[in-house]
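Student: Chains as they are written, first to last, in our numbering: chain R, 902 to 1270; chain D, 902 to 1270.
Accuracy of the hints is not assured; some may be wrong.
Said to hold, decoys possible - Sample of chain D residues facing chain R (criterion: CB under 7 Å; computed from the structure):
{"hint": "1", "residue": "Ala-1164"}
{"hint": "2", "residue": "Ser-1167"}
{"hint": "3", "residue": "Ala-1257"}
{"hint": "4", "residue": "Ile-1261"}
It is worth saying that the hints were derived from the structure and are not from the lab.
Think of the CB as a built atom: it goes at the ideal place given N, C-alpha and C, for glycine as much as any other residue.
Protein chains: 2
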Amino acid sequence: MQTELSKKLGVEHAIFGFTPFPAVAAAISRAGGFGVLGAVRYTAPDDLKRDLDWIEGHVEGMPYGLDVVMPAKKVEGVTEADVEAMIPQGHRQFIRDTLAKYGVPELAEGEASGWRITGWMEQVARTQLDVAFDYPIKLLANALGSPPADVVERAHDRGVLVAALAGSARHAVKHKEGGIDIVVAQGYEAGGHTGEIASMVLTPEVVEAVDPLPVLAAGGIGSGQQVAAALSLGAQGVWLGSIWLTTTEAELPSPRLIQKLLAAGSGDTVRSRALTGKPARQLRTEWTDAWDDTNGPGTLPMPLQGLLVADAVSRIQKYEVEPLLGTPVGQIVGRMNSERSVQAVFDDLTRGFERAVDRINRIAGRSGQ
Amino acid sequence: MQTELSKKLGVEHAIFGFTPFPAVAAAISRAGGFGVLGAVRYTAPDDLKRDLDWIEGHVEGMPYGLDVVMPAKKVEGVTEADVEAMIPQGHRQFIRDTLAKYGVPELAEGEASGWRITGWMEQVARTQLDVAFDYPIKLLANALGSPPADVVERAHDRGVLVAALAGSARHAVKHKEGGIDIVVAQGYEAGGHTGEIASMVLTPEVVEAVDPLPVLAAGGIGSGQQVAAALSLGAQGVWLGSIWLTTTEAELPSPRLIQKLLAAGSGDTVRSRALTGKPARQLRTEWTDAWDDTNGPGTLPMPLQGLLVADAVSRIQKYEVEPLLGTPVGQIVGRMNSERSVQAVFDDLTRGFERAVDRINRIAGRSGQ
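Start from the sequences and build out the full structure, keeping to the hints where you can.
Tutor: Here's what the structure looks like:
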């Protein structure tokens, strides 16, 4: 499964896998795809260094990349404490009340929350980059708009391609103007931050809008048929995130969350502002319902909401409080029905792609395929 | 572009076109697709008879079908007046206030509204069927759940295939259990009534759920690339509605509405209950905004909402009140940028499909394509 972009990056298949887990990223690259490690959870540079070392030791020389969350607009001199001070007390009380209702225990003294705003702040992302540029990464992706111009330049100086996510053709054009090399067209059905335009419509719009830049299709892809569909829409590759969450290499901390993912259908996600303040697709839970309820206090804008709920989300995850337990995931969760290795998922994708090409050739009357 | 289903129906291309306009339906069938006439607007049997006669005279012997709106659950002895009586006065006042704010003139005495509840009631749909079964229709589609068992039987006795729309695999399985022959998987991005699951995810789920029944993919399709994508997902054909609205054969009464459609981007639609009481994708207008506003009275359940707004929608359309003027349409409206003949749209679809197949073969390394 070769496109200009996959050839340029030196991978066998134009399948890009985004994951917060080093073992998954390395396995994707070993399988012939392109693993991209999500860096948002690394607040300490040494942790990122440790995991990039690990990837280097396990990727067998295959290329991989890093995904950061870096706002294009710089906010000078704002600390986490400044942001904390902007959160209304009523919202804090709503969280206390909601957690109490479900009997969620407190975190022990000194237990850090897993979700911190810090990973979302530019100074942290820059620290991550200082670490990452010491490694032979081939791709730097940004999940939050175009990265700042100096970061793009720094990447290009090192021969690193820069990718950015877009939920509309308009955003994609801005990326192109910002010197980005690759646009990831993130459809409505995708996990995490998404717009309202579905992949079927978004992908070709973005391809046309940023031509000749390569586009990766993201959202709703978890089978070889869907890979074939996305490539039919003009993409030069696919960008998969959710599908790896239930692989055996993934390190989701909560067994109960894994069971929820395996049991969920495609209709069991919701596009909610509960997690970050911007619409992000995730498992629908009583937690998202509480935030989306018109009788609740409503969500705060990014980055306040993320900071507000950080400890609560950690508590829910640590104590595996079933009705509240969720995670960002796309509508493809409906076909994540068993724990499989990354290699098994990958084989399924590539074989399914070949079968889909066979079928489309039969439909097109091109025999001998 | 041949599938088992297109062969069975005797059409050259597995492209199904849904339209309220007889001239469009006939042109789709003449072009080698399968035209399906939407019957919901025919409250008088003679009008339907006249238009089916017209189609018979213009279809050059090619097959075509009819789409009705027939609830599976029968409501005995309920008249339009009974339903009218259930509408709260506050909602009527909201409409009067909103129309007054925009200076929308009244309809003249005796001017019927274009949108009536009657087309949505079973007795009317049955009258439509009594007319339609006198014609050599090859397909009967139902937009509102499975048709009643006796209707399915009556169709089968005449060799007419029965199709039903579904927005989830669960609904699709119900159709299969109801003896339906074809499921139309209607994705989130589609115009009109839609669920929340996007085509990329919905199509293969429905294909798997109702196997071996054939599935048509609907939602987001308006180019040959998108046809190839939908067929890659396992569909036996595509079902297109929106794309025909701006063809030269379409008879939209409002030139200003046509201009709005041509100018709209993929982000200019909304899934709103404003039109019928169930979520239906349509152009976003100040009318849909007013209904979706949390400070408004909220929409009523189907069929009350449709009856409530019928005259208002007619007035808005007749007087072409720009900010309020809308229509059901899918996200594909973003690529409806010029008025073209049905044949030109069709050529674009089939040529684009061939190019998409060429490209996917190159990506798959199958040379000589």
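Student: Are the hints correct? Go through all of them and say.
Tutor: So, going through the hints one by one against the coordinates:
About 15 Å separates the beta-carbon of D/Ala-1164 from the nearest beta-carbon of chain R, more than 7 Å, and the hint is not met. The beta carbon of D/Ser-1167 comes within 5 Å of a beta carbon in chain R, closer than 7 Å, and the hint placing it at the interface holds. Interface hint at D/Ala-1257: satisfied, since its Cβ lies 5 Å from the closest Cβ of chain R, which is below the 7 Å cut-off. Hint status for D/Ile-1261: holds, given a least beta-carbon distance of 6 Å to chain R, under 7 Å.
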